[in-house]
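Participant: One-letter residues, chain by chain:
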Amino acid sequence: MADSQYVLEARGVIKIFGSHMALDAVDFGLRAGEVHALLGENGAGKSTLIKILTGAYQPDGGQVLVDGQAVTLDNPLHAQTHGIGTVYQEVNLLPNRSVAENLYLGHQPTRFGLVDHRRMERDARVLLTRYGLDLDPGSELGTHSVAVQQIVAIARAVQLSGKVLILDEPTASLDRNEVERLFEVIGDLKRAGLAIIFITHFLDQVFAIADRVTVLRNGRLVDTQQLDALNRTDVVRLMLGKDIAFSGATDLEPENPTTEVLLEFTGYGRRRSVHPFNLTIHKGEVIGVAGLLGSGRTEMARIMFGADPADQGTMRVNGKAATLRSTTDAIALGFGFCPEDRKAEGILGDLSVRENIVIALQGKLGWFKALNRDEQLEIAGKFGESMDIRAASLDMPVKLLSGGNQQKVILSRWLATDPAFLILDEPTRGIDVGAHAEIVRTINRLRDDGMAMVVISSELDEVVAYSSRIVVMRDREMVAELRGKNINPGVIVQAIANNPDEATL
Amino acid sequence: MKRSLRPLAATAVIFVIAYAVAVLQFPNMLSTRVLGNFLTDNAFLGIAAVGMTFVIISGGIDLSVGAVIGFTGVLIAVLTSWLGFHPLAAFAIALGVAALFGAAMGFTIHYLQVPSFIVTLAGMFLARGGASIITQDSVPIKHEFYATLGDLMIRLPGGGRLSFIGMVMIAVFLGGALLAHRTKFGSYVYALGGNSVSASLMGVPVARTTVQIYMLSSVLAALAGIVFSLYTSAGYPLAAVGVELDAISAVVIGGTLLTGGYGFVLGTFVGVMLLGLVQTYIIFDGTLSSWWTKIVIGVLLFLFIVLQRVIFAASAPAEKSPEKV
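Residue numbers (this note's numbering), protein chains in the order written: chain A, 1 to 505; chain B, 1001 to 1325.
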C-alpha cells in the first residue's frame, strides 16, 4: 500500500477511555474521489474514529496522515485547515440566521470593515445553484427543510475545507426524496474529486452510494472491502460478527395459540418514525425484535409504550380499544419499558436502589398513597433477593452499581408494578456474563408465568433462545415475522439483509 | 415580512397608536418639547438598554447594569468633587473600570460555565456594595465642564431641545445598530444566541465574543452612569436601582427574543420610547399614581412575550418536533 494513494489515513490508531479500549490499532484509508462507508453497531468505535479524524479527540497511539504526511489535529477547526470538513446528523448551523450568513460566518466579505451583505448574498446564490438549490440566500435557515439545511451544511464544509468531507449519519432525519437529493449532491462532489466518508445505519444507502466499506466491531477493524465484491448478507455478517454458517439451528419456543390475546396493534405507527405495523401479542409470549441499529426497533418500542405517541392505527388491550397519549396511560394499562440507554433514560443515578425500585409503583399509586419506608424496604428487599441484585446496601446510590445490577434494578422496578406487558430494549447490552444469564433466566421465568414481552436485542443467539416469534425491522418498517422451527441466526441475518428491491439496485 | 421583524413591527404599531391616543387626550403631547424630553429623560436607560440588547441576543442576561450606573455616578462624583480630577479624566477612569468589570464577568461566564444570571447578580451586589463603601451620601458635582455640557443642545423647531445626553443616546443606538447588523462581531453575537455549540463548531471565537459582549454591556452601563450624572449633577450609591429590569423590559418590548438569537438594536429604541411614553402620559394625567407605569409595563411585557411565542410557534417550519432518535 503506497502512502500517497490516501488523502486521509489513520494508521494503527488507538484510543483508550479509562480501562476501555475504544479503538484498538485501527487502520483506515480514504482515497480521493471515493465514497467510503463506515459501518458498525453502537459501540463499535465509529464515532471515536471520526472524532480522531476530525481532531475532536487525540489518539493514544498510532498516527493520522493527511496526503501521506503525519499531522496532529488539535480540534475540528484545525482539521478544517487541513481540508477536512464534517457534517453531523444534527445540522450544526444557526437556524436563526440567513442562509448566506450560515455559509460564510467567520469569513464574511467585508468592505471598509463592515460586512458586505450584498456581496455575501450574491456569492451565496452562485454557490447554492451549484448544489441545485434555488432559494433566497437572505432567508432564515430555520424556515427551510432539514434536507436543505443539510445541503447548506455540506456546501459550507466543502467551501471551507474542500478535500475530505465526513458525513455523520446525514440521512437519519430525511425522507426518501430528500435522501435522493442529497445523494445527487454527494455524487457530484465525488466526481469533483472529493474524498467522502459516509456513516449510516441504512444498508440500502451504503449500496446505493458507497464505493468501499470499512466495518468496525468492538473497537477493531473487521475489514475494508470494495463494495461490488460484497452482498448485503456479507455486510451484515461483518457487522454482527457471528460466524453464522456454523451456528446450529434452534427451534423457537413453541407458540401457544391457546392462550388469550393480550395486545393487538393494527396499522400502528408514527409519521417520520415507524411505518404502520400489525402485531398480535398473546399472554405468555416473548416477541423478539431483530434489526440493525437505526432500523426502527427502539422507535417501535417507544411507540408501544406511549413515549412517542402513535399518530395512526389502533391498539386493543384484552379486546378493548385503548389509546396511549403518554407513558402514564401505558403504565395504567400495566405496561413496563426498560429503555436501551440505561444511564440516561433508565436509572435515577443519585437515588438509592430502593428508591429506584419503588418509583414506578409509587408513580402508579399516585400522590395520595405514599409508600412508607418500611413498605419500600420490603418491596426493594424482595426484588433484591429474587433478582440477585448485588448491592452493598439497598440505600446506596444506584449509579455505583455495575451495569448488570442496574439493569436488574430497572427490571425490578417494573416487576414491582405487576405488569401484564414488558418491553425490554437491549436488556443485556454491556453487562457481565453472570448478570446476562440472570436476565435471560428472568425473561424465561416471566414468560412461563404468563407475562407478554417484547425484547429487542442485537444478540441473535439470545433472541432465538427465548422468543416465541421474531419480528424483523428494516428501514423503520416491520419486514418479516418469523415463527416455527428451524429459526437460527442465519435466517434472521437473511431477513435483516434481504431487500425486496435488491434486484433493482 | 421576516418573522423576526414582526415583534418589532408590532411594537412600532403599538407605539404609534398609544401616542395617537395620548395626543387625542392631551394635544400638548404632540410637540418637539415633549419629544426632546423623551430623549433626555430616558437617555441613560436607552444607553444601558443597547448593551442589554447585545447580551440578550447572545442568550445571556446582565443584571449588573443598574448597579454599574450607580457605581459610575459615585466614582465620577468622588473623583471630580473630592479629588479634583477633570470630569473627562474621571469619565475615562470610569469607563476603564467598567470594561475590566465586564471582562471579569464574561471570563467567569465562559470559563467557569456559570450562568450569566448568577454571575451578573454577583456583579450587581459587588458594584452596588462598592458604591456604598465609597460613600453613603449623594455627592454633588459642581464643575464648569458639567455646565458646558448641560448647555450643549440643538434647538428644535417648536421650542423643543435635543440635549447633549439625548444626542449621546442616539449616537449609541446608531453605533449599536451598525455593530449588531454590519460587523462580524455582531454576527457572532447572534450565532451564540442561536446555538453556541454550532457557533463554536463553525469557528466563532466563543470565549472572546462572550468576554466582549459583557465588556460592551458594562462599558455602556458606565456611559449610562456618566449620562445619569450629567442629568442629575450628582453621584448617589442608590441611584438607578432596578434600571436593569427596565432595560430588559425595553429590550423585550423592542422585539428581542429573551431566549436569544433574534432581535434589533433599533427595536430597543422603540421599546425605550414606549416606556417613556407611558411615563409621560401618567405625568400629563396628573391624577394617576406613578405605580401605574409599572402596571402598564407589566401588561406590555406580558403581551409581548405571548406575542413572540405565538409568532415563533406559528411560523416554525413544518418539521418534526425534536425527539429522540
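Since the hints were derived computationally from the structure, they do not count as laboratory data.
Be careful, since some hints might not be right.
[What the hints assert, rightly or not] Restraint ranges, calculated between C-beta atoms of paired labels, are given here:
hint: 1; chain 1: B; residue 1: Pro1205; chain 2: A; residue 2: Asp134; range: 29 to 35 Å
hint: 2; chain 1: B; residue 1: Ile1133; chain 2: A; residue 2: Gly113; range: 37 to 43 Å
hint: 3; chain 1: B; residue 1: Gly1203; chain 2: A; residue 2: Asp311; range: 37 to 43 Å
hint: 4; chain 1: B; residue 1: Asp1151; chain 2: A; residue 2: Gly113; range: 34 to 40 Å
hint: 5; chain 1: A; residue 1: Gln312; chain 2: B; residue 2: Gly1242; range: 38 to 44 Å
hint: 6; chain 1: B; residue 1: Gly1096; chain 2: A; residue 2: Arg31; range: 56 to 62 Å
hint: 7; chain 1: A; residue 1: Gly349; chain 2: B; residue 2: Ala1207; range: 29 to 35 Å
hint: 8; chain 1: B; residue 1: Gly1096; chain 2: A; residue 2: Gly349; range: 45 to 51 Å
hint: 9; chain 1: A; residue 1: Asp136; chain 2: B; residue 2: Gly1286; range: 32 to 38 Å
hint: 10; chain 1: B; residue 1: Phe1302; chain 2: A; residue 2: Asp134; range: 38 to 44 Å
hint: 11; chain 1: B; residue 1: Gly1203; chain 2: A; residue 2: Asp136; range: 45 to 51 Å
From the three backbone atoms N, C-alpha and C, an ideal C-beta is built for every residue, glycine too.
Participant: Return the numbers of the hints above that this structure violates; sort them in rising order.
Facilitator: 5, 9 and 11
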